[in-house]
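Number of protein chains: 2
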Amino acid sequence: MKVDGIWRQAIWTGGENLRQVFIFDQTKLPHKLVEKELINTDSAIDAICNMEVRGAPLIGVTGAYAVCLAVAATPKNQDPDAWLVNECARIAAARPTAVNLAWAVDKMKNALLGQKDFSNRLSLAYENAKIILEGEVDCCKHIGIHGLELLKDLSSKKGGRPLNILTHCNAGWLACVDYGTATAPIYAAFDEGIPVHVWVDETRPLNQGARLTAWEMLHHGVPHTLITDNAGGHLMQHGLVDAVIVGTDRTTHTGDVCNKIGTYLKALAAFDNNVPFFVALPSSTIDWEIENGLNIPIEQRNPHEITLVQGLCDGQLKSVLVPPEQSPARNDAFDVTPARLVTGLITERGVCRADKKSIAALFPDKSRK
Amino acid sequence: MKVDGIWRQAIWTGGENLRQVFIFDQTKLPHKLVEKELINTDSAIDAICNMEVRGAPLIGVTGAYAVCLAVAATPKNQDPDAWLVNECARIAAARPTAVNLAWAVDKMKNALLGQKDFSNRLSLAYENAKIILEGEVDCCKHIGIHGLELLKDLSSKKGGRPLNILTHCNAGWLACVDYGTATAPIYAAFDEGIPVHVWVDETRPLNQGARLTAWEMLHHGVPHTLITDNAGGHLMQHGLVDAVIVGTDRTTHTGDVCNKIGTYLKALAAFDNNVPFFVALPSSTIDWEIENGLNIPIEQRNPHEITLVQGLCDGQLKSVLVPPEQSPARNDAFDVTPARLVTGLITERGVCRADKKSIAALFPDKSRK
Chain C
1108 MKVDGIWRQA IWTGGENLRQ VFIFDQTKLP HKLVEKELIN TDSAIDAICN MEVRGAPLIG
1168 VTGAYAVCLA VAATPKNQDP DAWLVNECAR IAAARPTAVN LAWAVDKMKN ALLGQKDFSN
1228 RLSLAYENAK IILEGEVDCC KHIGIHGLEL LKDLSSKKGG RPLNILTHCN AGWLACVDYG
1288 TATAPIYAAF DEGIPVHVWV DETRPLNQGA RLTAWEMLHH GVPHTLITDN AGGHLMQHGL
1348 VDAVIVGTDR TTHTGDVCNK IGTYLKALAA FDNNVPFFVA LPSSTIDWEI ENGLNIPIEQ
1408 RNPHEITLVQ GLCDGQLKSV LVPPEQSPAR NDAFDVTPAR LVTGLITERG VCRADKKSIA
1468 ALFPDKSRK
Chain B
1108 MKVDGIWRQA IWTGGENLRQ VFIFDQTKLP HKLVEKELIN TDSAIDAICN MEVRGAPLIG
1168 VTGAYAVCLA VAATPKNQDP DAWLVNECAR IAAARPTAVN LAWAVDKMKN ALLGQKDFSN
1228 RLSLAYENAK IILEGEVDCC KHIGIHGLEL LKDLSSKKGG RPLNILTHCN AGWLACVDYG
1288 TATAPIYAAF DEGIPVHVWV DETRPLNQGA RLTAWEMLHH GVPHTLITDN AGGHLMQHGL
1348 VDAVIVGTDR TTHTGDVCNK IGTYLKALAA FDNNVPFFVA LPSSTIDWEI ENGLNIPIEQ
1408 RNPHEITLVQ GLCDGQLKSV LVPPEQSPAR NDAFDVTPAR LVTGLITERG VCRADKKSIA
1468 ALFPDKSRK
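Chains as they are written, first to last, in the numbering used here: chain C, 1108 to 1476; chain B, 1108 to 1476.
Excised from the complex, chain C in its bound form (with noise of 0.2 Å):
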């Protein structure tokens, strides 16, 4: 989407024949537009633990690209399909939590494995890479166009004013590479002319809300209003808010939503209120074997992320500390939205209700019965 009017995604090649990888490093963002380099696997390896990068397609394509710096790095006398299972196994290591993580480094050991010759081996690296990074812009672009149809029938009602969207967290292009998934209907909205405004919340602790899809919404230019992770519920007893929409780490094939933390809340507000609550996401993030969301297990993230705040301070980016430096806390990162409380699922074949039948009937090729 766009950055100071011209048209960017999350991770790009540049460079002699397209070799040299990219990336925004978005722990700097929103107050520093920082490119980065990915030099070598280790660079690539790193932008993904230090969460430079995050958003699990965008976790899926670095790893694919950094397949491609460890393949271009294969020692002369070492044999360069061990050299590659040993590489593969230390990307995907990055971030085990990711399931894309794992798929893309996978899909792109499969296909090298085997191939002898140096050259070969590396365009088939980068070629691999691109087909992994255009399935997910493919699959995002999709999700766009079948939100769009509901976010129309929405706008339809409100005579021309503003449709109000919810987003939590950022599902946006900076985590998928491009369009995003909750924000793809967005997106796809505000290009074509439909008046839409969208509650940004912060998403604490890590405040992806406040610093990523603020960010985004400005840059493309759509109309957006930062509130706070307990303003939701208010907003929506007040009319102020049409649909929600949200992306999900995880969305079991029963159709509970495991997202970040926050999102049940918000879903039960949407129900309370009749407002419905959306979930954008590619089928590859659908889990077809957990049958009760509950089930999921969820990750506890370091403390700090809560009691430490970081933000521009004179110029800089600097941490606060705001409870007592005594007082313990506990970071559960995702919660898990039953399925009666969601709407829709909106996914690259379609949208379909949250429930077992209906997902398995969009994907009966997926589904394991």
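I should point out that these hints are in silico values taken from the structure, not numbers from a laboratory.
As the structure is a prediction and not an experimental result, all values here were calculated from the model.
One thing to keep in mind: the hints can contain errors.
A pair holds if it fits inside one copy or across any two, identical chains being indistinguishable in the list.
[What the hints assert, rightly or not] DMTMM-like cross-link-like pairs, simulated, lysine to aspartate or glutamate; straight-line CA separation at most 25 Å: (1) 1265 to 1245; (2) 1265 to 1439; (3) 1223 to 1432; (4) 1223 to 1149; (5) 1264 to 1224; (6) 1109 to 1432; (7) 1265 to 1188; (8) 1214 to 1224; (9) 1139 to 1412; (10) 1143 to 1432; (11) 1143 to 1394; (12) 1216 to 1241; (13) 1139 to 1421; (14) 1259 to 1394.
Let chain C serve as the given structure and place chain B on it in line with the hints.
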């Protein structure tokens, strides 16, 4: 309650004849414990305006002592009644939304008007301010006594394991001189040796939970854990919350509860998970006029409270800017929890259901019909 092992209150008198007035500057908490003398009326008004003191009961008591300071400064060449009326108006305007301030200042004015002798007037002023202070403390103490019975009941089902209580914002002794409202039952249970553990919502945007409630708990020795405002629902889904207790800024005589933004979301989650949701309040907080809580006017505060976060950095209190500077923000200070989500009201006279009939039965002398 206790600070560094010594029982303190949020406002107190000292010096010759106990006619100096002191507060803690709460804007500096939790990182610096700054005692501050309110040296004159202006200094008291500033303390209220700048939120060095906050919480409706404490603002009322501070207003009462501000009247004492005004009386002490009565110019020799002025009519003392005219001076008093003017000064009272100035004090009451310091924060017009807090109903307790106007109430306390009016009470002081009515007690003092017509008292011609300066020395008597001054004594009477301090006596009346003390009565107002002690009234607030007594109210909170009784809320604690009644709430304790509820917590004993809940604790008896825990087989000795700690009772997990979630609270939002700071309805603690820092807001109410002593004991607090929502915290009074918690302190009473803790002081009786009942094992309790408090989930402290950080309470964006002003972080009163992270800054003030956590600090109170830490100093009184109550086990507690800081969480984001997003986390309560998830903890309830996993059986980690036994009760929610919050305060309120205004509760209708029909049982709708206006409180810090985000309270409604916690109430929805409590209801969805069969967790009892209690509201602790002095009856002075009950609005005997408004039937529907959604008609309570909601204060919109400065968006900078959302975008700038204050905390400790390199030993100093600093503010960091989190979102892009150009992104607008909206800061609704309160929301309304419908009576249907409230398990019970804990008042100074006892516990009642959050409905018109039960409230009127407990307060027949105050109810309008």
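Each hint, compared with the structure:
| no. | hint | in the structure |
| --- | --- | --- |
| 1 | 1265 to 1245 | neither (30 Å within a copy, 53 Å between copies) |
| 2 | 1265 to 1439 | between (38 Å within a copy, 24 Å between copies) |
| 3 | 1223 to 1432 | neither (56 Å within a copy, 53 Å between copies) |
| 4 | 1223 to 1149 | within (24 Å within a copy, 83 Å between copies) |
| 5 | 1264 to 1224 | neither (61 Å within a copy, 70 Å between copies) |
| 6 | 1109 to 1432 | between (41 Å within a copy, 18 Å between copies) |
| 7 | 1265 to 1188 | neither (59 Å within a copy, 58 Å between copies) |
| 8 | 1214 to 1224 | within (19 Å within a copy, 92 Å between copies) |
| 9 | 1139 to 1412 | both (20 Å within a copy, 22 Å between copies) |
| 10 | 1143 to 1432 | between (34 Å within a copy, 23 Å between copies) |
| 11 | 1143 to 1394 | neither (33 Å within a copy, 58 Å between copies) |
| 12 | 1216 to 1241 | within (18 Å within a copy, 74 Å between copies) |
| 13 | 1139 to 1421 | both (14 Å within a copy, 22 Å between copies) |
| 14 | 1259 to 1394 | neither (30 Å within a copy, 43 Å between copies) |
This entry does not satisfy hints 1, 3, 5, 7, 11, 14, going by the numbered hints stated previously.
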